[in-house]
Amino acid sequence: MATIDTDVNDIDATLAALADPTRRKVIDLLREGPRPAGELAQAVQMSAPALSRHLRVLRASGLVRAEAGGADARLRLYTLRQQPFTALQSWLDQVQAFWAEQLGSFKEHVERTR
Amino acid sequence: MSSVRASVTVPIDPATAFRVFTDEIDAWYVRGRHSWVDPARAVGIRFEDGYLRELWSDGGHVDTGRILAWEPPRRLVWADLLNDGEMEIEVAFSAVEGGTEVVLEHRGLDTLPPDVAGRIRRGYSWNIALGWFAGQWQGAQGREAG
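Line by line, the protein sequences give chains A and B.
Residue numbering for the first sequence is 1 to 114, as defined by the working numbering.
Residue numbering for the second sequence is 1001 to 1146, as defined by the working numbering.
If we strip away everything but chain A, and leave its shape as in the complex, we get (with noise of 0.2 angstroms):
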């Protein structure tokens, strides 16, 4: 088969965000629901200012998105998308199409044949 390069782009942007410790923490807390930026940083027991360099590199992915919360950005409600994790699952998807269609072709080979 060929080399896989199949719009790693959007895979690109999903992959760097969830490569770091905390945002995968981030993203495990929005499992459970959606939450306000002040207690996602509570729960990682990091500085909301520290923590906000990481919601917006999550944000800018679209693995998350953030509700206005007022003018207190603590505030702020953090929900999960579910876009970027069905795009990678895509990716993995087309590996899967790729040999379930040679497959198929052998067997209908097999048939046409025998």
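Some hints could be false.
Below 20 angstroms or equal to it, Euclidean Cα-Cα: the simulated SDA-like pairs (lysine to any residue) are [what the hints assert, rightly or not]:
| no. | chain 1 | residue 1 | chain 2 | residue 2 |
| --- | --- | --- | --- | --- |
| 1 | A | K107 | B | E1024 |
| 2 | A | K107 | A | T86 |
| 3 | A | K107 | B | A1079 |
| 4 | A | K107 | B | P1039 |
| 5 | A | K107 | B | G1108 |
| 6 | A | K107 | B | R1074 |
| 7 | A | K25 | A | Q83 |
| 8 | A | K107 | B | S1002 |
| 9 | A | K107 | B | I1012 |
Because the hints were derived from the structure by calculation, they are not lab data.
Note that the structure is predicted; figures quoted are calculated from it, not measured.
Given the coordinates of chain A, work out where chain B should sit on it, guided by the hints.
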């Protein structure tokens, strides 16, 4: 999640299935967008000299896989030579009612280095991210809020 599987059942015995899979790969291999290293020159594919080999119109070739196990009628394994990392493809042939079940497993997708496709150069590891992802994705499913 670091591996993918595909399977099919064919109405022949395992020894024949192994032979058709290997000897006749050029007859059944799908000529698709992702099938070739060099789509402009590729004219065929063959298992020969211990390699899975893509043949070119100018008489040249490129080895896309190195055979690690050649055990008819049961098992065939080759190492992917195109992508850095340690990917392996194993094909197992088992007798089942009505013929042979062929199970293909493509392993080691999480061993691809960060610069796969030459575009990812930020120093993170696919291994960590994909490994983590493998355990998390199912749980994250269905929690999309918008």
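The hints, checked one at a time:
1. A:K107 with B:E1024: Between K107 of chain A and E1024 of chain B the Cα gap is close to 12 angstroms, so the pair holds against 20 angstroms.
2. A:K107 with A:T86: violated (30 angstroms)
3. A:K107 with B:A1079: violated (23 angstroms)
4. A:K107 with B:P1039: violated (24 angstroms)
5. A:K107 with B:G1108: violated (26 angstroms)
6. A:K107 with B:R1074: holds (17 angstroms)
7. A:K25 with A:Q83: This hinted pair holds, its Cα atoms lying about 19 angstroms apart.
8. A:K107 with B:S1002: At roughly 26 angstroms apart (the allowed maximum being 20 angstroms), S1002 of chain B and K107 of chain A break the hint.
9. A:K107 with B:I1012: Holds. K107 of chain A to I1012 of chain B sits at ~10 angstroms (cutoff 20 angstroms).
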